[in-house]
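Enquirer: Produce the entire structure from the sequences given, and follow the hints as far as they go.
Residue numbers (numbering that gives the first Met the number 0), protein chains in the order written: chain A, 0 to 240; chain B, 0 to 338.
Check before you lean on any hint, since a few could be wrong.
Mimicking DSSO-like on lysine-lysine, the simulated pairs with C-alpha atoms at most 30 Å apart in a straight line are [what the hints assert, rightly or not]:
#1 A:K110 with B:K218
#2 B:K324 with A:K134
#3 B:K218 with A:K62
#4 A:K134 with B:K194
#5 B:K325 with A:K128
#6 A:K134 with A:K169
If you want the ones that stay clear, here's a sample from chain A, every Cβ over 12 Å from chain B, calculated [what the hints assert, rightly or not]:
#7 G13
#8 G56
#9 E58
#10 G63
#11 N67
#12 E170
#13 V194
#14 S200
#15 E226
Think of the hints as simulated: they come from the structure by calculation, not from any bench. Beta carbons are placed, not taken as given, at the ideal position from N, Cα and C, and that holds for glycine.
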Amino acid sequence: MPILQIKNLTKRFGGLTAINHFDLEIEEREIVGLIGPNGAGKTTLFNVTTGVYPIDGGEIFFKGQSLNGIEPHEACSIGIGRTFQLVKPFSSKTVLYNVMVGSFCRVNDRKQAEARALEVLEFVGMLPKIDLLGKSLTIADRKRLEVAKALATGPELLLLDEVMAGLNPKETEEAISLVKEISRRGITLLIIEHVMAVIMSLSERIAVLHHGEKIAEGPPGRVSHDEKVIKAYLGDEYVIS
Amino acid sequence: MRFLGRGMDWVTRPQNYLGLGLVALLFLFPAFIKSMFYIQVMILVIFFAYLTSCWNILSGYAGQLSIGNAVFVMIGAYTSTLLFANLGLTPWIGMFIGGALAVFVGILVGYPTFRLRGAYFAIATIAVAEGLRKIVENTERIGKLNIGGAEGLTIPLLHHAPFQYQFVNKVYYYYIILILMFVGLYVTYRIDRSKIGYYLTAIREDEDAAQALGIDGRKYKLLAISLCAFFTALAGSFYAQLMLYIEPSGVGGLSLSIEMLLLGVIGGRGTILGPVIGAFCLVPVREMARTYIGTTYLGAHLVIYGSIMAIVILFLPHGIEEPIKKVYFGLAKRLGPAG
Numbered sequence: 000m001p002i003l004q005i006k007n008l009t010k011r012f013g014g015l016t017a018i019n020h021f022d023l024e025i026e027e028r029e030i031v032g033l034i035g036p037n038g039a040g041k042t043t044l045f046n047v048t049t050g051v052y053p054i055d056g057g058e059i060f061f062k063g064q065s066l067n068g069i070e071p072h073e074a075c076s077i078g079i080g081r082t083f084q085l086v087k088p089f090s091s092k093t094v095l096y097n098v099m100v101g102s103f104c105r106v107n108d109r110k111q112a113e114a115r116a117l118e119v120l121e122f123v124g125m126l127p128k129i130d131l132l133g134k135s136l137t138i139a140d141r142k143r144l145e146v147a148k149a150l151a152t153g154p155e156l157l158l159l160d161e162v163m164a165g166l167n168p169k170e171t172e173e174a175i176s177l178v179k180e181i182s183r184r185g186i187t188l189l190i191i192e193h194v195m196a197v198i199m200s201l202s203e204r205i206a207v208l209h210h211g212e213k214i215a216e217g218p219p220g221r222v223s224h225d226e227k228v229i230k231a232y233l234g235d236e237y238v239i240s
Numbered sequence: 000m001r002f003l004g005r006g007m008d009w010v011t012r013p014q015n016y017l018g019l020g021l022v023a024l025l026f027l028f029p030a031f032i033k034s035m036f037y038i039q040v041m042i043l044v045i046f047f048a049y050l051t052s053c054w055n056i057l058s059g060y061a062g063q064l065s066i067g068n069a070v071f072v073m074i075g076a077y078t079s080t081l082l083f084a085n086l087g088l089t090p091w092i093g094m095f096i097g098g099a100l101a102v103f104v105g106i107l108v109g110y111p112t113f114r115l116r117g118a119y120f121a122i123a124t125i126a127v128a129e130g131l132r133k134i135v136e137n138t139e140r141i142g143k144l145n146i147g148g149a150e151g152l153t154i155p156l157l158h159h160a161p162f163q164y165q166f167v168n169k170v171y172y173y174y175i176i177l178i179l180m181f182v183g184l185y186v187t188y189r190i191d192r193s194k195i196g197y198y199l200t201a202i203r204e205d206e207d208a209a210q211a212l213g214i215d216g217r218k219y220k221l222l223a224i225s226l227c228a229f230f231t232a233l234a235g236s237f238y239a240q241l242m243l244y245i246e247p248s249g250v251g252g253l254s255l256s257i258e259m260l261l262l263g264v265i266g267g268r269g270t271i272l273g274p275v276i277g278a279f280c281l282v283p284v285r286e287m288a289r290t291y292i293g294t295t296y297l298g299a300h301l302v303i304y305g306s307i308m309a310i311v312i313l314f315l316p317h318g319i320e321e322p323i324k325k326v327y328f329g330l331a332k333r334l335g336p337a338g
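Expert: The following block contains the structure:
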């Protein structure tokens, strides 16, 4: 059974249809990319999947369980983790504290939460920085912290929202290997990304959103040459027929 | 040899024995200072330290700024008093019933208002507190029950009656409130170090991020207001028994709520000792100003209060707890190794 099944999903904000009859299935341990021009509805899709916005039409199933009416904290406890496009660190607290908040999703004891957080921080390579305050981190570290917090909640499906944005080439490379490591641990990944090179190299499969509709889906190579995709991003003049 | 569950070397560390010294000083204070005036001042100081610590759970840790906490003081004071005056129930038990009632009101109020964020929640707390105060102020009796209205209620005088929570010698009240303060500090300490504390802090820092990490915002905010309400109500009963007279604006008024907020913000929100430090630094100032200047220049003490608040917010927005902590540990380092 696919770990995530989005069937005929529709989401409206008043008169604006942000997501229009969208279908997507993700198998366990896959890395699926979600791309599309700005305003296509990608983050909205994340928000609906994690219960931030209610579903207006269609259904979403996670491991066979309907996500209809779910609240964000419930989505997390059943195994869906997410990061935010504009990172949300707990700025006046240390890196370790930040990740411990995530740990408490699975453990109740503080010592256990600390141990779990340290494990995660070691995994993402932030052990030297555990005592730094959230507000004093660089953007690359903030993104890494964001991922660490989500990992501490022990997700089976992780939704990454533009984790590469704002990173220089070296940081991007490090982030790519981190994502691959996360996948190796058995976590299914759905990744929103704008940096094309990154998403092409990471994803096994890519879905393309445009004005809330899926206009293409398939392996990276095929999608990148899809006429509709090129038109959506670059306009008519760039289509080579 | 063990002390408080820790090895002997814990006590020899300067930062620990300094702290213990301060605690001992507090407990021995009435042995050295016999003047009833100063004992009354200290009772008030410790009373506010306790009250503000309770407020801190909701407005500091959980970050839900409350300017209406006096409503819980009023519920505690009136519940234990009415139960005592009408049913003869000792306030020692009545105060816990007041606490339970306060929790009930807290949850009732919190449920709809917690979806409001920031200033809107604060306004809602003012509305609730002032609303209830007005109702009590304008209600002489409910059926046969005498509520007192604006004139308030006097607690039946028994002189020295320990089992009825009444003492002639104020020193008894000093020790009661001192113990209550340490209970409050202990509760705060346990919250600070536990999952609840981490979760409340997360909600305060960024509620959306907290939700994404599995935190049920509403559940934990209701927990915070329940703890706050219960312990605040106990202070209300204490105050009733201390003063032997309660009236709506005194125990439920906006100025009392604002006082807690001032002390909490100046002391340091979301810290264990912030409220205590705030109270110990400011309440004596207020009392001294009120005694020596207040009668000649009415309200002068409030000017001093407000000025200190403005300065602290400008230069130390996280409160005076941090710099004082630095001074304390600096002193401890100078006293010896392992400081």
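Enquirer: Mind checking the alpha carbons of A:K134 and A:K169 for me, to see if they're no more than 30 Å apart?
Expert: OK: A:K134 and A:K169 at ~22 Å, within 30 Å.
Enquirer: Just double-check A:S200 for me: nearest Cβ-Cβ distance to chain B has to come out over 12 Å.
Expert: Given a closest Cβ separation of 27 Å, the condition holds.
Enquirer: Compute the least Cβ-Cβ separation between A:V194 and chain B, then decide whether it is above 12 Å.
Expert: holds, 23 Å
Enquirer: What's the verdict on A:K134 and B:K194, does the C-alpha distance respect the 30 Å limit or exceed it?
Expert: holds, 22 Å
Enquirer: Classify the label on A:E226 as holds or violated, using whether its beta-carbon is more than 12 Å from each beta-carbon of chain B.
Expert: holds, 37 Å
Enquirer: Was A:E170 rightly flagged as not at the interface, with every chain B Cβ beyond 12 Å?
Expert: holds, 22 Å
Enquirer: Holds or violated: B:K218 with A:K62, Cα cutoff 30 Å?
Expert: Since the Cα atoms of B:K218 and A:K62 sit roughly 26 Å apart, the hinted pair holds (cutoff 30 Å).
Enquirer: Would A:G56 pass as off the interface with chain B, using Cβ distances and a cut of 12 Å?
Expert: About 24 Å separates A:G56 from the closest Cβ of chain B, which puts it past 12 Å; holds.
Enquirer: Say whether it holds or is violated: A:G13 keeps its Cβ farther than 12 Å from all Cβ of chain B.
Expert: Non-interface label stands for A:G13: nearest chain B Cβ at 20 Å, farther than 12 Å.
Enquirer: CA of B:K324 to CA of A:K134, is that 30 Å or under?
Expert: Given pair B:K324, A:K134 holds - Cα atoms ~21 Å apart, limit 30 Å.
Enquirer: Evaluate the condition: distance from the CB of A:N67 to the nearest CB of chain B exceeds 12 Å.
Expert: Per Cβ check, A:N67 is outside 12 Å of chain B; nearest 18 Å; holds.
Enquirer: Please settle this one: A:E58 was flagged as non-interface, so is its CB more than 12 Å from every CB on chain B?
Expert: holds, 22 Å
In summary, the structure agrees with every hint in the numbered list given earlier.
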